[in-house]
Each structure stands twice: as structure tokens, then as C-alpha cells.
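Visitor: Protein chains in written order, with our numbering: chain A, 1 to 356; chain B, 1001 to 1175.
To be clear, the hints were calculated from the coordinates, so they are not data collected in a lab.
A quick note: this is a predicted structure, and the numbers were derived from the prediction, not measured.
Treat the hints loosely; a few may be bogus.
What the hints assert, rightly or not - Once the Cα atoms are required to be at most 30 Å apart in a straight line, the calculated BS3-like pairs of lysine-lysine come out as:
{"hint": "1", "chain 1": "A", "residue 1": "K151", "chain 2": "B", "residue 2": "K1140"}
{"hint": "2", "chain 1": "A", "residue 1": "K82", "chain 2": "B", "residue 2": "K1026"}
{"hint": "3", "chain 1": "B", "residue 1": "K1140", "chain 2": "A", "residue 2": "K350"}
To be verified - Ranges between beta-carbon positions, derived for each pair:
{"hint": "4", "chain 1": "B", "residue 1": "V1147", "chain 2": "A", "residue 2": "G183", "range": "16 to 22 Å"}
{"hint": "5", "chain 1": "A", "residue 1": "P317", "chain 2": "B", "residue 2": "I1161", "range": "31 to 37 Å"}
{"hint": "6", "chain 1": "A", "residue 1": "Y33", "chain 2": "B", "residue 2": "F1157", "range": "21 to 27 Å"}
{"hint": "7", "chain 1": "A", "residue 1": "N78", "chain 2": "B", "residue 2": "S1154", "range": "47 to 53 Å"}
{"hint": "8", "chain 1": "A", "residue 1": "N234", "chain 2": "B", "residue 2": "V1061", "range": "31 to 37 Å"}
To be verified - Stretch by stretch, here's where chain B covers chain A in the computed footprint (C-beta under 8 Å, at least three residues):
{"hint": "9", "region": "117-126"}
{"hint": "10", "region": "137-144"}
{"hint": "11", "region": "150-161"}
Positions of the beta carbon are idealized from the N, C-alpha and C atoms, including for glycine.
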Amino acid sequence: MTLLSLNIDWILLIEKLVLIAIVVFASLGIALYTTFGERKVAAILQDRPGPNRAGPFGLLQPLADGVKMFTKEDIIPNSANKWLFILGPGLAMTASLMSCAVIPWGGTIELFDRTISLQIADINIGILYIFAVVSLGVYGIMIGGWASNNKFSLMAALRGASQAISYELAMGLSLIAVLMLSGSLSLGDIVKQQQAGWWNIVYQPLGFLIFFICALAECNRTPFDLPEAENELNFGYHQEYSSMKLGFYLFAEYINMIMSSAVMASLYFGGYDIPFVNDAELQTHLGNWVALFQVGTLLIKIVFFIFLFMWIRWTIPRFRYDQLMNLGWKTMIPLALVNMLITGALVLLKMNNWHF
Amino acid sequence: MNITQILFWFLSVLALVSALMVLLSKNPVHSVLWLIVVFFAISGHYILLNAQFLAIVNLIVYAGAIMVLFLFVIMLMNLSADTEPQKNVWMKLAGTIAGGCFLISACNVIYNAQNVSKEIAAKTALLNQGNIGLIGNLGKVLFKDYVVPFEISSVLFLSAIVGAVVIGKKEKNKV
Chain A
1 MTLLSLNIDW
11 ILLIEKLVLI
21 AIVVFASLGI
31 ALYTTFGERK
41 VAAILQDRPG
51 PNRAGPFGLL
61 QPLADGVKMF
71 TKEDIIPNSA
81 NKWLFILGPG
91 LAMTASLMSC
101 AVIPWGGTIE
111 LFDRTISLQI
121 ADINIGILYI
131 FAVVSLGVYG
141 IMIGGWASNN
151 KFSLMAALRG
161 ASQAISYELA
171 MGLSLIAVLM
181 LSGSLSLGDI
191 VKQQQAGWWN
201 IVYQPLGFLI
211 FFICALAECN
221 RTPFDLPEAE
231 NELNFGYHQE
241 YSSMKLGFYL
251 FAEYINMIMS
261 SAVMASLYFG
271 GYDIPFVNDA
281 ELQTHLGNWV
291 ALFQVGTLLI
301 KIVFFIFLFM
311 WIRWTIPRFR
321 YDQLMNLGWK
331 TMIPLALVNM
341 LITGALVLLK
351 MNNWHF
Chain B
1001 MNITQILFWF
1011 LSVLALVSAL
1021 MVLLSKNPVH
1031 SVLWLIVVFF
1041 AISGHYILLN
1051 AQFLAIVNLI
1061 VYAGAIMVLF
1071 LFVIMLMNLS
1081 ADTEPQKNVW
1091 MKLAGTIAGG
1101 CFLISACNVI
1111 YNAQNVSKEI
1121 AAKTALLNQG
1131 NIGLIGNLGK
1141 VLFKDYVVPF
1151 EISSVLFLSA
1161 IVGAVVIGKK
1171 EKNKV
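The shape of chain A in the complex, shown without the other chains:
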């Protein structure tokens, strides 16, 4: 066996690389227009026109913003830890993009005699993987805040990290209820089960509410955007950042929103399942087009959740920090525990044919 006789399934590798490239660039593109959507939604809620200068209806505004970000002067403060200062935004971006690997974006398509699943990796611990990635998202904030060598940035970073850790617990507990229902940790399986029966939101309304609130907190969105509370912390953990590094931090937040919307849609709202339609039967008639419709369905669900995020952001004011911690530890976790216990009891009863 020589060193160069590589025994690799090149076609599989290429297939996955193409899939990864498509998903990553699609999420970047959607995130680009989410920033535009955010400004438009804010404008509508505040009864003003919003961005409308660049292109028709202001549609080229995100591109103009991007060009502005790229061409601004990139400043690294003298007292900052240079490498970590650069690493911070990169980590934030990487962590938010990593979760796209296990989300089932659609069913399967047949191309060149191959059945290609529109899920990059259907690992049997998909939801735990997302959990791991979420907990890694903290590092982008912490490293950026610390490396800036600025007291306000550090305070904001610590806030962000402790908030993320606190709400991760309730998030995990509300997930356990879903996992008990589905009996699988693979997101692909969870979606397939919902295709066959009811969506999980029917069984888990409280669990979904808890998950949604925790997702808001994990994405640092209002009313949980304490790390960016400008009246207390000047600007937050990205105060010293400029140019595209700042852009990366802001962008990572939008990608986080997209990914958490996708996870919520997959866990509670049937994922790529087209409502009121038998997808498997449709596939026999339409073939590959069904997968396209499924991706479209998932995208519609994602857009709906993103709109919900924005709606909440421009409606509800920010919490105080102690209120945030109290809500996380004293309300969310007990509620999630109760939800888990009730679900567990009902699952056991059902297995026992409703006899005690």
C-alpha cells in the first residue's frame, strides 16, 4: 500500500461538497436578505418607509451594505490580542454555519442514477450535534469580547456566555420531551415521523413555547439582547470591531436565526413536510419536483419564524439582567421539567395501552 493509492469514494465526497456549498451559500444569501427584511419589518411596525433608495423597493440595500462593510477601514486596536481578535468573528460565523449539516432540507432526489438525500449528514445523534454547535457559539462572543481588551466588551461577552449557558439547559429539557415522543435523535427520522402522523406541535405546545423562548435567548435577540445593551455597555461585545469583522458578528446572528428557525420547523412543524399532502404519493407522480416543493415548504416555515423573531424584536422591550436570569432558571427550567415529566408519563401510559 503506497501512500498515494487513495481509496476514497470520490463521487460521495463531491456530492457532499456540492451539497455543503449550496446550503452554505443559500444560508448566506438568505441571511443577506434577512437584514433587509429586518429593516423593512421595523419600518412597517414604526410606520415609516424603511430602506427604499438602492434599487427597486430598496432591494439592493443589502448589497450596498455589504460593499460598505468591505470597504471600510479595518481597525485592530493596539492593545487587543491580535490573533484572537481575528479568530472571534470567524468562530462566531463557523459555529452558526455548522448546524446546517444535520438539518434535513428536503426529501431525496434522483440524479445520475444516485439517490441523493438533501440532508448533508443524517447522523443518528443529529439533535445532540446541534446542541454541541450551539454551545460552541459562545466562544465567538467570549473570545471576541476578551480579545478586544475593553471592559465593556468583556462584560458583554460574559453576559452573553452566561445567558447562553442558562438557556441551553431549558432548551435541552424541552427537547427531551420531543425525543421521548419520537424515540430517535436523528432529525431526519423525527421529520419522517411527523410526515406520517401529526406534527409535534400538537403534542408539545408548551415544549415548543419553551424552545422558542430559549432560541430567542440563544440568538441574542430582543428581549434577550443584553450582550448588546447599548445604554449599559456602549455597544456590546463587538464594540472594538469595524469593517467586515463587525459584519461577521452581525451576520452570524442572522444565520443563527435561520438555523434555529430551521431546527424549530424540523422539530415541531414537520420540517419539509408539505401540509395536507401525502408526500410519498406525490413523489410517484412528480419525481424530483417534490423535493423542490419540500425545500420551498421548509423555507416558507423558516421565513415565518424569522418574521416572528423580528416582530418580537420590534415590539417587546429588553429585559433587565436579573429578570432574564430569573426567567431562565426559575420559570423556564421548572416548566420544561414539568413538561418532560408529563410527556414521559403519557408515553408510558400509551405503551401500556392506557392502563395504569
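Position chain B relative to chain A; hints supplied.
Guide: Showing chain B alone in chain A's frame:
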């Protein structure tokens, strides 16, 4: 050389280099970050052994939670190379000898295990095929064969949680 071997060598080199960097970097924050890289490399090894659950739990618990707490403490105390207390030479020497002894005995055990019987030698690497590490099997083993130790360890964790709450309460009353 198939893809598993390439990954194995890549991850091994990554783990060893970053483990060295944990020791060699002057800045404690850099050390912590290198340690996170080590955890990633080890998780990669677990995945190669098809122990996906172990791999991801390693990431969630160690890289995601414990290392964040490490970073918290180091950042808040603002530790740096200048303020780090220098241990005396004898302590360093004793530490080196103790660590070396452990390394030798560990190597010895692993080396002998290969010689003891062919059965064990064949079991040293279940690349890509063992399924004991998959979550379903692991759960069954934990809740059937090892249910008592499992529950006892969970009681241990519960007592740790209660202890943490008690300590937290005390400080609140003082203020």
C-alpha cells in the same frame, strides 16, 4: 490509504500538536483554546471508532460547558504570564517523575494487552464497524446492565447541584 486512515493521522497529529501547545503557550487563554482543539480531535477519534454519542457528549460537556467556565475564570481574574505564580523546581521535578511513571505504566499495559491474547489484539480498533457506541445500544447497556451504578452517579450529581445551590444562597444572604 483510505479516508479513515487519512483522518486518523490528521486527528492524531492535531491532538498531539495542540496538546503540546496547551503546555507551551504562555497565555492561559491560549492554553484553554488549544485544549478545546484537543477535545475536538479526540471527538474526531471517537467518531472514527463509531462512538458517536461519546464524541458529541465530549464536545457538549467538555468543549461546550467546562471550557467555557475555564475561560470565564481566566478572563475574569485576568491571568497572564506575568502574574502566574512560579512553582519551585522540586515541585516541577516531582510532577515530571510522577507523570513519567504513569506514562510508562500506561504504555506497558497497552503493549502487554496486545501480547496477552489474539482475542484482545483483534479488538483494539473497531474502526467504523463497532456499534456499541451508538446511542441506542449504549442506553440499553446503561439502563439494563449498569442501572445501579448509573443511578448512584446521578445521585452524586444531584448532591453536587444541591451543594452549589446552598453555596449560592449563602452569599446572597451576606449581601
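Visitor: Evaluate each hint against the coordinates.
Guide: Here is what the structure says about each hint:
1. A:K151 with B:K1140: violated, 49 Å
2. A:K82 with B:K1026: The given pair, whose Cα atoms are some 15 Å apart, holds under the 30 Å limit.
3. B:K1140 with A:K350: At roughly 21 Å apart (the allowed maximum being 30 Å), K350 of chain A and K1140 of chain B satisfy the hint.
4. B:V1147 with A:G183: 16 to 22 Å: holds, 19 Å
5. A:P317 with B:I1161: 31 to 37 Å: holds, 33 Å
6. A:Y33 with B:F1157: 21 to 27 Å: Since Y33 of chain A and F1157 of chain B have Cβ atoms about 45 Å apart, the given range 21 to 27 Å is violated.
7. A:N78 with B:S1154: 47 to 53 Å: With Cβ atoms ~51 Å apart, the hint holds.
8. A:N234 with B:V1061: 31 to 37 Å: holds, 34 Å
9. 117-126: holds (count 3)
10. 137-144: Since three or more residues must qualify, the claim that chain B covers the region 137-144 of chain A holds, with 4 doing so at under 8 Å.
11. 150-161: Since 4 is at least three, the answer is holds.
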